[in-house]
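Undergrad: Single-letter residue listing:
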Amino acid sequence: MAVTDLKPTICILHSRVSETNPQGEVTRLLAEWSSGDQSALNKMMPLVYAELHRIARRAWNQHPQNNTLQPTALINEAYLKLANAENASFQDRCHFFAVACKAMRQILVNHAKSRLSDKRGHGAAHVSLDDVEPAVHEEAAEIVALHEALEALHAVDPRKSMVVEMRYFGGLSIEETAEAMGVSVRTVHRDWRLARSWLIREMNRESS
Amino acid sequence: MNLPPAWEEIERLYHEALELPVGERNVLLARASPALRQEVESLLEADSEDGLLAAPPTHVVADLLDSQPNGLAPGQRVADYEVESLISVGGMGEVYLARDREGRPVALKILRRHLIASAQAVYRFETEARAASALCHPNIVTVYQSGESPAGLFIAMEWVDGSTFRAIMDAGQVEIAQAVDWGGQAARALSAAHAAGILHRDMKPENIMLRKDGVVKILDFGLARDGGAVGPEPSSMGASGTISGTLSGTLLYMPPEILRGETATSASDIFSLGAVLYELTAGHHPFAGETLLDVFEAIECRTVAAITSLRNGVPREVDRLILRMLDRSPGGRPSASEVCDVLGHSTAP
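Protein sequence lines, in the order shown, are assigned to chains R and C. Numbered according to this note's numbering, the first sequence spans residues 13 to 220. Numbered according to this note's numbering, the second sequence spans residues 15 to 363.
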């Protein structure tokens with residue numbers, strides 16, 4: 013996976029906090045989580061989820077041609093907006109990325125599932141449009157299968173499943189993943205490689 | 015004691031093996047217990063597969079970001095056209111009824127760029143636009159304009175007020191005389207296209223329409239071959255999805271040489287049109303089957319029953335013509351102009 017840098021357009025997209033004030037809320041929840049309150053994570057998730065959604069929609073409306081928007085750009089944007097970035101501790105930032113990648117996974121898996129269950133009509137075709145299976149369907153099927161395999165991997169080795177979550181669903185680079193997880197770059201490299209092999213094997217088994 | 019190997023052991027051996035050249039791994043693995051060895055070997059095998067996790071899921075992200083997941087709104091403009099209503103939805107886009115600046119109806123086909131797996135599909139779409147606009151024939155849908163808009167790639171073409179052959183056949187039996195007339199019109203379109211070096215490559219009842227005034231219109235012209243009017247395809251097939259997608263829609267009308275992976279020729283279009291005409295006249299498809307494999311086998315091996323044995327009133331020369339169009343050997347099939355001649359002179363009851 014290529015290292016996905018922040019795209020310049022995304023920085024422009026950064027805007028004021030909207031109607032509600034989720035920023036203070038997220039900052040507070042991050043602090044609570046850091047001091048050991050695990051329930052803070054669950055409370056934070058829907059806020060992050062909603063924000064990622066909003067950013068995604070706005071990004072599209074402002075830059076309809078920008079079809080290559082990366083998840084990592086969304087997460088960075090959400091971080092700037094939700095967390096009080098200037099005052100947040102390094103620890104908070106790591107936690108935020110962990111939550112955001114989880115939320116991103118949820119968003120993408122939900123969307124992939126709805127895409128797959130979406131039975132497209134083949135009715136009164138004036139012109140056929142179904143000559144080629146759209147890429148998004150192929151990718152959606154892969155996302156759902158991967159999501160399930162990743163849950164199995166979580167039972168075997170939670171850290172490796174988290175590495176995949178951050179890199180694939182969150183779009184973070186090896187270095188960003190290492191930083192967010194507080195482990196070495198070498199560990200992420202090794203975890204990623206083994207996790208990938210394990211997941212491919214698992215998905216091959218499932219499909220055969 | 016046959017405990018499954020510990021995860022830590024698997025992990026250690028896996029990474030040790032990865033550090034060795036492929037040829038030297040066996041020596042290392044041979045020292046491990048059979049269960050551990052099997053685990054690590056299967057992981058190393060998976061490691062050599064590429065594809066999965068190679069790139070972030072950009073298509074799904076882009077799809078998620080699509081501000082118009084439900085298509086274009088009435089009144090929206092695409093180039094010179096104003097969208098009126100949605101006609102049909104496909105996997106990669108939509109077809110709309112739209113109006114040009116003079117208020118005339120046009121069919122507007124939109125292909126969403128982010129939904130497309132391969133450059134191949136975009137190429138096919140663009141070539142379709144060029145191929146069709148290179149053809150000017152009363153039985154071929156006219157393309158007015160094509161290009162790119164924020165909504166995606168678009169083709170604006172003649173609006174055909176009518177039904178597809180598929181819809182007509184679904185509605186009931188077709189009169190023989192009508193089938194002969196429609197077949198003749200479709201063959202005239204193919205004859206003109208073939209003379210211009212353009213193949214359709216996807217003739218099927220979904221791609222042929224009957225306008226309310228009785229004029230047959232062929233849609234979705236594909237790529238040129240031989241004649242070179244439109245240039246060759248960049249590669250024969252795209253991703254695996256391309257193949258499956260193409261097969262599922264078109265398999266029943268594919269000639270055996272295409273199923274075998276050979277290059278399409280004008281005779282391939284004739285075979286497909288023959289299958290459509292057989293279905294129109296006989297009332298059922300010549301190669302119908304329960305499964306894909308049945309259909310494959312039927313196209314490859316089945317002796318097609320004479321239509322006269324299934325339905326009264328089919329002129330002998332028409333029956334013979336359609337069976338010749340379905341000849342397994344491309345060389346045994348009539349040309350499009352020969353099909354026009356026979357159908358044009360046939361006197362159906």
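Everything labelled a hint here was simulated from the structure, so no lab data went into it. Positions of the beta carbon are idealized from the N, C-alpha and C atoms, including for glycine. You may find that some hints are simply not true.
Stretch by stretch, here's where chain C covers chain R in the computed footprint (C-beta under 8 Å, at least three residues) [what the hints assert, rightly or not]: (1) 46-59; (2) 173-183; (3) 189-198.
Pulled a few chain R residues facing chain C out of the computed Cβ check, cut under 10 Å [stated by the list, open to error]: (4) 105; (5) 120; (6) 164.
Undergrad: Evaluate each hint against the coordinates.
TA: Evaluated hints:
no.: 1; hint: 46-59; in the structure: violated (count 0)
no.: 2; hint: 173-183; in the structure: holds (count 5)
no.: 3; hint: 189-198; in the structure: violated (count 0)
no.: 4; hint: 105; in the structure: 21 Å, violated
no.: 5; hint: 120; in the structure: 6 Å, holds
no.: 6; hint: 164; in the structure: 13 Å, violated
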